[in-house]
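Peer 1: Sequence:
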Amino acid sequence: QVQLVESGGGLVQDGGSMGLSCAASGRMFSINAMGWHRQAPGKQRELVAEITRGGNTNYAASVKGRFTISRDNAINTVYLQMNSLKPEDTAVYYCNARYYSGVDFWGKGTPVTVSS
Numbered sequence: 008q009v010q011l012v013e014s015g016g017g018l019v020q021d022g023g024s025m026g027l028s029c030a031a032s033g034r035m036f037s038i039n040a041m042g043w044h045r046q047a048p049g050k051q052r053e054l055v056a057e058i059t060r061g062g063n064t065n066y067a068a069s070v071k072g073r074f075t076i077s078r079d080n081a082i083n084t085v086y087l088q089m090n091s092l093k094p095e096d097t098a099v100y101y102c103n104a105r106y107y108s109g110v111d112f113w114g115k116g117t118p119v120t121v122s123s
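So the sequence shown is numbered by my numbering: it starts at 8 and just counts up by one.
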């Protein structure tokens with residue numbers, strides 16, 4: 008099992024920046040990828056960005072060039088730096104950890120609101 012605790016989030020103006028972090032604990036050795044997903048009201052949850060243990064990254068097209076994901080394996084923490092935020096980035100952001108077996112673990116989510 009893996010426990011994920013997100014921090015950051017809140018209200019930011021259009022064009023602003025915000026950072027999220029997610030601390031993981033538990034059976035860390037089985038984790039391959041960690042990442043962030045988001046779910047806006049009335050929409051499905053979608054991948055924002057993910058990073059593998061080896062440092063390979065994958066971004067949604069809508070955030071590429073604006074968001075940066077990073078990972079500190081020494082302290083089992085993944086970060087999401089969000090720049091040039093837009094109102095359409097408003098959502099609840101969930102931290103995710105995936106085992107090599109494909110099992111997913113989720114944080115409780117943290118809301119991000121971008122005001123226009």
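Since the hints were made in silico from the structure, they are not lab data.
Every value quoted in this text rests on a predicted model; they were computed, and no experiment measured them.
Among these hints, one or two may not hold up.
Said to hold, decoys possible - Keeping only pairs whose Cα atoms sit at most 30 Å apart, straight-line, the calculated DSS-like set for lysine-lysine is: (1) LYS71 - LYS50; (2) LYS93 - LYS50; (3) LYS93 - LYS115; (4) LYS71 - LYS115; (5) LYS50 - LYS115; (6) LYS93 - LYS71.
What the hints assert, rightly or not - The following label-pair restraints were derived from C-beta to C-beta distances: (7) LYS115 - GLN88: 27 to 37 Å; (8) GLN51 - LYS93: 12 to 22 Å; (9) TYR106 - GLU53: 31 to 41 Å; (10) THR59 - SER24: 34 to 44 Å.
Beta carbons: idealized from backbone N, C-alpha and C, even for Gly.
Peer 1: Enumerate the violated hints, using their earlier numbering and listing them in ascending order.
Peer 2: Failing hints, ascending: 7, 9 and 10.
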